[in-house]
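Asker: Residue numbers (the numbering used here), protein chains in the order written: chain C, 19 to 400; chain V, 19 to 400; chain P, 19 to 400; chain F, 19 to 400.
These aren't lab readings, by the way, just hints derived from the structure by calculation. Check before you lean on any hint, since a few could be wrong.
One copy or two, it doesn't matter: identical chains are merged, so the pair holds either way.
In silico DSBU-like links for lysine-lysine, alpha-carbon gap of 30 Å or less [what the hints assert, rightly or not]:
hint: 1; residue 1: Lys20; residue 2: Lys325
hint: 2; residue 1: Lys325; residue 2: Lys198
hint: 3; residue 1: Lys63; residue 2: Lys20
hint: 4; residue 1: Lys113; residue 2: Lys144
Protein chains: 4
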Amino acid sequence: MKLKMGMIGGGQGAFIGNVHRMAARLDGKIEIVAGAFSANPEKSKQSGAELGLDPRRVYPDYQTMAAQEAKLPKGERIDFVSIVTPNRMHYPPAKTFLEAGFNVVCDKPMTFNLEEAVQLRDLVKKSEKVFALTHNYTGYPMVKEAREMVRKGELGKILKIVAEYPQGWLLDPVDVTGQKVVWRTNPEVSGASSCIGDIGTHAENLGRYITGLEIEELCADFTTFVPGRRLEDDGNLLIHYKGGARGVLYTSQVAAGEENDINIRVYGTKASLEWHQEEPNELLVKYPDSPRKIFRRGANYVTDVAKRFTRLPVGHPEAFIEAFANIYVEAARAIEAEANGKPLPNDLDFPTVEDGVKGMAFIATAVQSAKAGATWTKMITA
Amino acid sequence: MKLKMGMIGGGQGAFIGNVHRMAARLDGKIEIVAGAFSANPEKSKQSGAELGLDPRRVYPDYQTMAAQEAKLPKGERIDFVSIVTPNRMHYPPAKTFLEAGFNVVCDKPMTFNLEEAVQLRDLVKKSEKVFALTHNYTGYPMVKEAREMVRKGELGKILKIVAEYPQGWLLDPVDVTGQKVVWRTNPEVSGASSCIGDIGTHAENLGRYITGLEIEELCADFTTFVPGRRLEDDGNLLIHYKGGARGVLYTSQVAAGEENDINIRVYGTKASLEWHQEEPNELLVKYPDSPRKIFRRGANYVTDVAKRFTRLPVGHPEAFIEAFANIYVEAARAIEAEANGKPLPNDLDFPTVEDGVKGMAFIATAVQSAKAGATWTKMITA
Amino acid sequence: MKLKMGMIGGGQGAFIGNVHRMAARLDGKIEIVAGAFSANPEKSKQSGAELGLDPRRVYPDYQTMAAQEAKLPKGERIDFVSIVTPNRMHYPPAKTFLEAGFNVVCDKPMTFNLEEAVQLRDLVKKSEKVFALTHNYTGYPMVKEAREMVRKGELGKILKIVAEYPQGWLLDPVDVTGQKVVWRTNPEVSGASSCIGDIGTHAENLGRYITGLEIEELCADFTTFVPGRRLEDDGNLLIHYKGGARGVLYTSQVAAGEENDINIRVYGTKASLEWHQEEPNELLVKYPDSPRKIFRRGANYVTDVAKRFTRLPVGHPEAFIEAFANIYVEAARAIEAEANGKPLPNDLDFPTVEDGVKGMAFIATAVQSAKAGATWTKMITA
Amino acid sequence: MKLKMGMIGGGQGAFIGNVHRMAARLDGKIEIVAGAFSANPEKSKQSGAELGLDPRRVYPDYQTMAAQEAKLPKGERIDFVSIVTPNRMHYPPAKTFLEAGFNVVCDKPMTFNLEEAVQLRDLVKKSEKVFALTHNYTGYPMVKEAREMVRKGELGKILKIVAEYPQGWLLDPVDVTGQKVVWRTNPEVSGASSCIGDIGTHAENLGRYITGLEIEELCADFTTFVPGRRLEDDGNLLIHYKGGARGVLYTSQVAAGEENDINIRVYGTKASLEWHQEEPNELLVKYPDSPRKIFRRGANYVTDVAKRFTRLPVGHPEAFIEAFANIYVEAARAIEAEANGKPLPNDLDFPTVEDGVKGMAFIATAVQSAKAGATWTKMITA
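Put together the whole structure using the sequences plus the hints.
Answerer: Encoded structure:
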């Protein structure tokens, strides 16, 4: 009765792999039954053992896994695979599993580059399988509330989006000194961008999710502050959205003492809103001429859309894992429908392959702008 | 390999039952395999079906469950039972399962009255089984950090504890009008106290957990603000701790717009600390003559004790479910040791039957003080 | 055209004297022209010189000052005197100046004891002069906004008041060691109470100002934490208000790292409000079933009552001195009317001698309760 | 003994004129004795009367005032003039009074355009008079504390400055509809920029004050959101500082519900700091690997530099007027020295004509960049 999940990557010590597993488990609707947890078959085996999996379903590589799982009878084989490897290794397993007839959940950014993203979109369409991208910050209930406010016109016409995402963990030059392998700053693994690729894309996605606005052109100023680092560790953008709205998006991986402070402000003609991921249970709304309002997750007065993604009453805070789990909840609804040959629900709310293509186009455009000396660059259409 | 959990109570629509299940599932170490989810056997059956349990292990009542599970071979039968029923129904199943040789996790307050609590303590001792009480707020990493600070003397001698717990949900007289069954305000189900019994006991437990201080005497002022309500919905206490510290503890269930704002301030001769459950990832420390410090969950600089109960890096907030899960994590460590015939780890960190007895003694003393017109009353020893 | 002010006390280095002067000066309606700034005539002379006063109007003692000023022609002599001496020296000069026909502004607590307060009330009535007490925290615009909300019934019936006033400056035993003269802890100068007399009375006044509720009885637990100190440095109260509301009021002078955090929460049947002196430009209102609201000083939507006490537009913060000045603004309006033989405006908004009597009765009742072992004590009527 | 101040502009109803007067009065060291308060002589007369000035020293225009005051004997004539008119009218009276031998305090932005600024600098040098510019946000004690931290190297090398200044008051198109005269958006009065000229220049000045960094080049994106408005009401900049630091500076006058939220974050290799004008008594410092620290105005542990600009003890908040007064305090120190023929103190801390020239160059460069389509533009040297 539970959906059966397989995992690619996420072996011992992998932060994001464990997040995916906690998120998948939380609601008791998904169980992890198989995996190829590491490029190192021995490490994969150990990781599977730690998770208590049947050793026969812990595979040395994703190709074997796809082939073997496909041979298992329906009801026993996995219903979907979660891909939680570094960027370079998203597309190959995604392609393999889609072609083998499996649904896919994939970490972001979606692919190594835009070309792969476009190819993946074609593959997903052709496969008619479910593909979900874990832009997890859109899983927060108060982010959904924010989107509802914009949709209902409560902010009026949107004039400006200010999205920030400062982190500080790469202030330490461990990647340059070689003390530690940091794949994020390695262009062969991560792609053409570190800061914008890893976190800027979250900020872009969050703004688009809440407002629906598409970027027309942007001006991206990249800096590599740590000498010897191979990719940018700081990126600041000015943005022109289609329809005339303006944007400021700034990100850093070398902002001393910042943790994971993705936050967003959206300004409209009638009101503005503000949301901070590190205090995610609140949404602040400011009006030109009436008191500010604080909307709180779990309250009766929030919209049904936000309520649907809420597990606990007001005052019992929810956080990162629960938001992440909301992506899985929605992917699972789609996968169940697909499995039962039913049409997909029309209120599905998770990031799709199309979001992934837009995210990769955003990264590619920002890189192009930055390389040209932070000049205004039209958003690449893909 | 996973621990097998049974559940008493927590049927469809039960908030706290679902919280226990999410907490138990989160880390992939516990699976729910059996339950008697409701006094109504039909509802129990449906709840079990919703959870995807084997129908043979969904029981019509807890007595049958204890008897049947005990007959199953080791490795198949449950390793422990979680009791998530209203207060009146904590002791009977706890007794039954302990006597049947099962470990027990039990919701708070531990029993219907102090007499039962004392008896339960004897039963636990005699049984040599693990008994954990879900005073979940002590599961938060920054609460553990606070306790470590006190232990290491960083606050100096403790002078004063201010603990608050305002809620607002009982401002609505649904229980009196009969629109809704609210067992918390029903003395036959809840015991002699509503506000102090449900939430005051959390605040007391939190103060004792962080500081180790025991109450010597207290003065409790109870009020029932909603006419016709059978138990107090507001309770304020002055406290004298053994050793000379002072306490202020105030609680309410009729505080308009308050959600679940349990918070605590501890004042010592060298520093003071402050923690708010609704923003649980921070611990604020104030000093007489140096800048205030904010300690953040997940940071490298927090103690190993807090780190041990942390799943995510700094800036990726954790919240209520994760804290709740930390009680399960520790109970599970004890249960595993017990199952393997090993001595219990000496760093176990979960609320015990002794905490439950103290909690019930606190409630009984507060009720006695309140009934005597809010007079100073020595803490009942039990 | 400016009102002429004299000052008793407030010589060199006196914090509160300088506050009074800044507050008086701020709006350009009051000028300081005379003073007896210290019990030490030489120090008084120097203080007057620093302030640039005419040496003939810097007096060796308050008696001389009253006598000499009274001889000056109207238009030249002072319009009122401000008394900013320690508690013991409030009543004698107040009496002297009232009897000499002068209006009086006086620091709080009003007198050395309740008897003096009652006598002072009689003197004020008899004199028909203006008497204003500088319970300055009621001068904040958002405190006035809070009172308006209560008056207009926006909170419904008031159920509970929680007032806090922790400070930390007396954690240092400088008074006991003799390193420093601290008149606050000296009963011969300060009266029967330190903590409640100095700051508890502010908290009581603030609650009464906002809600209009009067205390029926209270239970006061006093502690002297610093060995050898002669008065309490910590005081916690439970309160029963007339009409059934409940109160918790706690104060401390030994709360490590606390600065001057007077704050208040008022809970009603419809809504609750919260205000913090250290962030005085905001008023937070919480509702049972709609978003929280933040009211901001200076905004168009605040009441005219709050606007009347506002100097700067929204977002340009005002603070302690401006609130203090609002007491002077109102006292000045009364004094001008009195000087011109006009009836006093009926919307005057400053603390009166009656507030002072109630404050002294509150202190006396708290002291009596504390001495009797923190027993419930009826509010002394005076 | 008090310094004698004259005022140009600031007649009835003028917000900023009244702010200057309150700031000047606060410490009792300055008195207003003369003025030409309006271009309308009748309005000037009335304003002077309201201020209680000698009618002979209320002038119909600034030229007359300069001529007449210069004829008064030293000790009677004004010591300095404060210019609080719209931008266009800063330079003419500044020139007149400097040439007549008077010291000048002037509101910002300093002049109508950069050419005037350069000329004014020459005039100031030639005159050997004191010239102070009221970039008031640098008067806040915790801004001075921030600068001290940077100076002492506590942040390491500065990598990035993020300065924000959103306001919302021009969301209302009153200037376009003609309901209200808004000189800020009138290029004939305000100069070539509204948003950057009025508030962007504060943000630039604040960043330069704290860090000492100079702009090398910038990219400024201006938008006029309200149709028909003649100047930009929104401006966002990317900045390259000399030495390699990066900047993001964004401002708006049409940000719904924003008040006056100038705030700054400075990121260094060792730590970062954050300050918000609307809560000015705190300075937050974040470190890569130790707890965050909150520095509080008035505390013993802050630097002597911040203490020098502090009037009240910790916990007794200071705000906008006090910060503004700090500019006057320092200008007054300089003016006194000048009057007494003494060398200027070498720790003077107020914005000078040089700051004004830099501010005007910043505005001119931003306008040039914006007009060229938000292209990177070298800072104009002047």
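Asker: Against this structure, judge whether each hint is valid.
Answerer: Okay, the hints, checked on the actual structure:
In this homomeric assembly, Lys20 and Lys325 come within 30 Å of each other (Cα to Cα) only inside a single copy, at 23 Å, whereas the closest approach across copies is 32 Å. Proximity of Lys325 and Lys198 under a CA criterion of 30 Å is satisfied inter-copy only: 21 Å between copies versus 42 Å inside one chain copy. Taking CA atoms no more than 30 Å apart as the test, Lys63 paired with Lys20 passes in both settings, with 24 Å inside one copy and 18 Å between copies. In the homo-oligomer, the alpha carbons of Lys113 and Lys144 lie at most 30 Å apart inside one protomer (11 Å), although the nearest pairing across protomers, at 60 Å, exceeds that limit.
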